[in-house]
Amino acid sequence: MSIPVKEREEIAVQTPSRNTCGRAIAMTLANPIKPGRSKVLRFNFFMLRAFPPLLGRLRKLSFVHFLRWTIVSEFPFNGPPQVPEALGHEYLLFVSNYNGYWLQYIDAFYSVVPDQMDWIWGNCYGYPKGQPAGATKRLISKLEYTASHYYSAYPEASATMVQSALELKKRFGRFQADMRGASPEGFEAGFRRFVADAQRDL
Amino acid sequence: MPSKIGQAYTYLALTAILPGRSEELREVVEAYPLASESPFARVGRVHFARWVIIPQLVEVGPPPEVPDRLNNEYLLFSTDVDGDLEPFLEALRTEIPEVMDAVYSHCVAYPGTADRDGFHRYFRRNQIETTGPFTPYPDATVPEVREALELRRRLIDLAVRAQELDAAGLQEAYRQAFAG
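Line by line, the protein sequences give chains A and B. Just so you know, this note's numbering puts 36 at position 36 of the first sequence, and the rest follows in order with no gaps. Just so you know, this note's numbering puts 128 at position 128 of the second sequence, and the rest follows in order with no gaps.
Only chain A is shown next, with the shape it has when bound in the complex (with noise of 0.2 Å):
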């Protein structure tokens, strides 16, 4: 299935192309972490994990496929002729994998998960708490690395795509298993049923 020319044109002025993958989109970045805070960034994402609502929320951003959050302590070391690093501050990567405009994306975290926000990148550098969600866009294009090389396996797919599609696929089990023997007419007005059923998946 082939992406709209338009939206193709949308994402292309808005996201460097070699973050993008048919319809999925890369955005990588690393923001610094105050002193003292990873250990309140590991607290909350503890709970986030052990309390699923407060994550679940995130499901309502339907556009994204995959992401992650990942509290750089120090980097890996490997010996000569790498350097040791000596930095005064732990970073916090956010890689996500999403499709859609950049911009709505930045404005659906603020709008879905505002309190999400808050308690990860409040704990950042340059995270502007409480002000417009322009001045965190401004941010994040400061930010953000580009990618060299990025792949999705179903690129032609958005995560709303693969979330129906799922779904969708639950629900055909059922049908198929109700369908067999169905004559002509009974399959018909069960596959107009399935359909008017299915409707939000197709």
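Everything labelled a hint here was simulated from the structure, so no lab data went into it. It is possible that some hints are incorrect.
Listed next, with one range per pair, are the computed distances between beta-carbon atoms [to be verified]: (1) ASP101/B x SER17/A: 40 to 50 Å; (2) GLU27/B x ARG192/A: 54 to 64 Å; (3) GLU95/B x SER17/A: 18 to 28 Å.
If you want the footprint, here are the derived chain A segments under chain B, 3+ residues with CB under 8 Å [to be verified]: (4) 17 to 30; (5) 98 to 110.
Since this is a predicted model, take the numbers as computed values, not measurements. Virtual Cβ for every residue (Gly too), placed ideally from N, Cα, C.
Got chain A; can you put chain B on it based on the hints?
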């Protein structure tokens, strides 16, 4: 184990690039074809993957932050895969050895794919454990996602055609589409 979410594993590594080799590395990595021609497509179990060259940390200001400066450039490798880490590393080593060697020969202390144990040790040593992973479909493998997307495509097609078919024609079209 925070790197694990559902059946999936979220792997991230930061490997130091050999001094003066980052531009050559960039040329190698950027020359690989994308999408279904990407080397990662041959690994099979990869949902998403990226290589990002980190030349330096970005200063965010304002004070009191004292900017950090990296002493090395790094290659970030981030991927979301089916299953566990060890089978994935072994798949990288055996399915795309020429790619892994071409890329990581630009990094410090890379042992090469011919050294099985060294290869696994290298990618475990340079791994940064994920702190907070998220995906709305943690239990779906790559083949399951692709199968579901294909099923959805065929169902949409049949639903559109159904408007012009009588009952017997619809049932026959369904049988042809789904071997039912």
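Hints, verified against the model:
1. ASP101/B x SER17/A: 40 to 50 Å: violated (27 Å)
2. GLU27/B x ARG192/A: 54 to 64 Å: Because 56 Å falls inside the window, the suggested range holds.
3. GLU95/B x SER17/A: 18 to 28 Å: holds (27 Å)
4. 17 to 30: Our answer is that it holds, as 7 residues pass the Cβ test (under 8 Å) against chain B, meeting three.
5. 98 to 110: It is violated, with 0 qualifying residues against the three required.
Checked against the numbered hints given earlier, this structure breaks hints 1 and 5; the rest are met.
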